[in-house]
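All chains, full assembly: derive it from the sequences and hints.
Number of protein chains: 2
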Amino acid sequence: MVGDVLSKACSYGLRAVISLAMRQESSYQPIRELSTTLGISFHFLTKILQQLTDAGILVSQKGPKGGVALAVDASRVSVYDIVIAIDGSGAFTACILGLPGCGSRVPCPLHEQWAEERLRIEAMMKEESIDGLAHEVSSRRLRLGP
Amino acid sequence: MVGDVLSKACSYGLRAVISLAMRQESSYQPIRELSTTLGISFHFLTKILQQLTDAGILVSQKGPKGGVALAVDASRVSVYDIVIAIDGSGAFTACILGLPGCGSRVPCPLHEQWAEERLRIEAMMKEESIDGLAHEVSSRRLRLGP
DNA sequence: CGTATTTCGGACTCTGTTGTCTTAAATTAA
DNA sequence: TTAATTTAAGACAACAGAGTCCGAAATACG
Numbered sequence: 001m002v003g004d005v006l007s008k009a010c011s012y013g014l015r016a017v018i019s020l021a022m023r024q025e026s027s028y029q030p031i032r033e034l035s036t037t038l039g040i041s042f043h044f045l046t047k048i049l050q051q052l053t054d055a056g057i058l059v060s061q062k063g064p065k066g067g068v069a070l071a072v073d074a075s076r077v078s079v080y081d082i083v084i085a086i087d088g089s090g091a092f093t094a095c096i097l098g099l100p101g102c103g104s105r106v107p108c109p110l111h112e113q114w115a116e117e118r119l120r121i122e123a124m125m126k127e128e129s130i131d132g133l134a135h136e137v138s139s140r141r142l143r144l145g146p
Numbered sequence: 147m148v149g150d151v152l153s154k155a156c157s158y159g160l161r162a163v164i165s166l167a168m169r170q171e172s173s174y175q176p177i178r179e180l181s182t183t184l185g186i187s188f189h190f191l192t193k194i195l196q197q198l199t200d201a202g203i204l205v206s207q208k209g210p211k212g213g214v215a216l217a218v219d220a221s222r223v224s225v226y227d228i229v230i231a232i233d234g235s236g237a238f239t240a241c242i243l244g245l246p247g248c249g250s251r252v253p254c255p256l257h258e259q260w261a262e263e264r265l266r267i268e269a270m271m272k273e274e275s276i277d278g279l280a281h282e283v284s285s286r287r288l289r290l291g292p
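Each protein sequence line maps, in turn, to chains A and B. Residue 139 in this note's numbering sits at position 139 of the first sequence; the count goes up by one each step and never skips. With the second sequence counted from 1, adding 146 to any position gets you this note's numbering.
Errors might be hidden in some of the hints.
[Said to hold, decoys possible] To be clear about the criterion: a stretch of chain A counts as covered by chain B if any three or more of its residues have a C-beta under 8 Å from a C-beta of chain B, and this derived list gives those stretches:
#, segment
1, 14-26
2, 49-61
3, 94-101
[What the hints assert, rightly or not] With a cut-off of at most 35 Å between alpha-carbon atoms, the simulated DSBU-like pairs for lysine-lysine come out as follows:
#, chain 1, residue 1, chain 2, residue 2
4, A, Lys47, B, Lys154
5, B, Lys154, A, Lys8
6, B, Lys211, B, Lys154
7, B, Lys208, A, Lys8
8, B, Lys154, A, Lys126
9, B, Lys211, B, Lys193
10, A, Lys65, A, Lys126
11, B, Lys193, B, Lys272
12, B, Lys272, B, Lys211
13, A, Lys126, A, Lys62
14, A, Lys8, A, Lys65
15, A, Lys8, B, Lys272
16, B, Lys208, B, Lys272
17, A, Lys126, B, Lys193
[As the list claims (entries may be wrong)] Away from chain B, derived, C-beta distances all over 10 Å, residues of chain A:
#, residue
18, Phe42
19, His43
20, Leu70
None of these hints come from the bench; they were simulated from the model. For every residue, glycine included, the Cβ atom is placed at its ideal position computed from N, Cα and C.
This is the structure in structure tokens:
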């Protein structure tokens, strides 16, 4: 349904990355800490953050004092980057009626209408930086967890 | 991911209803015909169309010469009506980060941005009538099946 | 070196959606 | 009435996403 635009893995990843961006210290943050703060299963979150590490968005460190940290400045990471890293590059190309090969040549009857909305969503996600969201959460005391 | 805004059940239902609206004859159309034309599993489509019958969007008739038909004029049925009937009334209210109780009082950092997009999608789906889409498919020879 | 800590990697279970199958009930027509 | 056709209803299987669990590898520290 509308609202399932992001997989759970993706929304978990987003919340974790925003959380990391809010962190003052420059040290690594253990995934266990993140998982308890955000109320997300530790092992599940571990896998998701591994994907972000593979994608070059995070860096990780094993052992004591280990954990994860942002690999680049939070102002240079967008919501879009996280979505692509976790849900894959096909996340913004699917037909709303699920017709295979629906495109501008042989479109479904909702193709143009949906393409417009999808482009707006894509633009919005490219616009929103992790840094900006982290500041919003700090200043307006918004929620990231339960 | 983006593109999974509608469940498969919902997109199947939409395609079937548009197909019904394109029909010239005023008789019932057997679900079996619809399922073969659209390339959808017969039994699965049967269940979905039952939901639309329960919702008062279709009428059904058992036995020979039976099948389903639109209960009201196609111009008075919108895409939104179908989505609500199949995916439920909560289809347009979920938080994009999956936070329970995310609302204007205690929002997630993407609440306002997503609310805007969601409202646009809702408006688009209310705007698009089954009748209009059916005519589009006829005149522009668009696809509803594989 | 040895131990504790932490990510990495794989295998596994659980759950909701999708899809299949079988039987019952209703309706038409001979 | 009987037979054929079609939806209704429910049980069941297959699949994917979500979540759990266990051991291996790396690292810091005594």
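Results of checking the hints against the structure:
1. Look at the segment 14-26 of chain A against chain B: 3 of its residues bring a Cβ nearer than 8 Å to a Cβ of that chain, three or more, so the hint holds.
2. Check result for the segment 49-61 of chain A against chain B: violated, 0 residues qualifying (beta carbon to beta carbon below 8 Å, three or more required).
3. Against chain B, the segment 94-101 of chain A contributes 7 residues with a C-beta closer than 8 Å to a partner C-beta. That satisfies the three-residue criterion, and the hint holds.
4. At roughly 28 Å between alpha-carbon atoms, Lys47 (chain A) and Lys154 (chain B) fall within 35 Å of each other, so this suggested pair holds.
5. Restraint check for Lys154 (chain B) and Lys8 (chain A): satisfied, since their Cα atoms lie roughly 18 Å apart, inside the 35 Å limit.
6. Distance hint between Lys211 (chain B) and Lys154 (chain B) is fulfilled; the C-alpha atoms sit about 28 Å from each other, no more than 35 Å.
7. Taking the CA atoms of Lys208 (chain B) and Lys8 (chain A), the gap is near 42 Å; set against the 35 Å cutoff, the hint is violated.
8. Restraint check for Lys154 (chain B) and Lys126 (chain A): the C-alpha separation of about 28 Å stays at or below 35 Å, so the hint holds.
9. Taking the CA atoms of Lys211 (chain B) and Lys193 (chain B), the gap is about 19 Å. The hint holds against a cut of 35 Å.
10. For a cut-off of 35 Å, the pair hint linking Lys65 (chain A) to Lys126 (chain A) stands: about 33 Å separates their Cα positions.
11. Taking the CA atoms of Lys193 (chain B) and Lys272 (chain B), the gap is near 24 Å; set against the 35 Å cutoff, the hint holds.
12. A C-alpha spacing of about 33 Å is found between Lys272 (chain B) and Lys211 (chain B), which places the hinted pair at or below 35 Å, so the restraint holds.
13. For the hint pairing Lys126 (chain A) with Lys62 (chain A), the CA-to-CA distance comes to about 31 Å; that is within 35 Å, so the pair holds.
14. For a cut-off of 35 Å, the pair hint linking Lys8 (chain A) to Lys65 (chain A) stands: about 28 Å separates their Cα positions.
15. At most 35 Å may separate the alpha-carbon atoms for a hinted pair to count; Lys8 (chain A) and Lys272 (chain B) meet this at roughly 28 Å.
16. In summary, the hint linking Lys208 (chain B) to Lys272 (chain B) is supported, as the alpha carbons are separated by about 31 Å, within the 35 Å threshold.
17. This hinted pair does not check out: Lys126 (chain A) and Lys193 (chain B) have alpha carbons roughly 40 Å apart, beyond 35 Å.
18. No Cβ of chain B approaches the Cβ of Phe42 (chain A) within 10 Å, the least distance being about 17 Å, so the stated non-interface status holds.
19. Every CB of chain B lies more than 10 Å from the CB of His43 (chain A), the least distance being 18 Å, so the non-interface label holds.
20. A cut-off of 10 Å between C-beta atoms confirms that Leu70 (chain A) is not in contact with chain B; the least separation is 16 Å.
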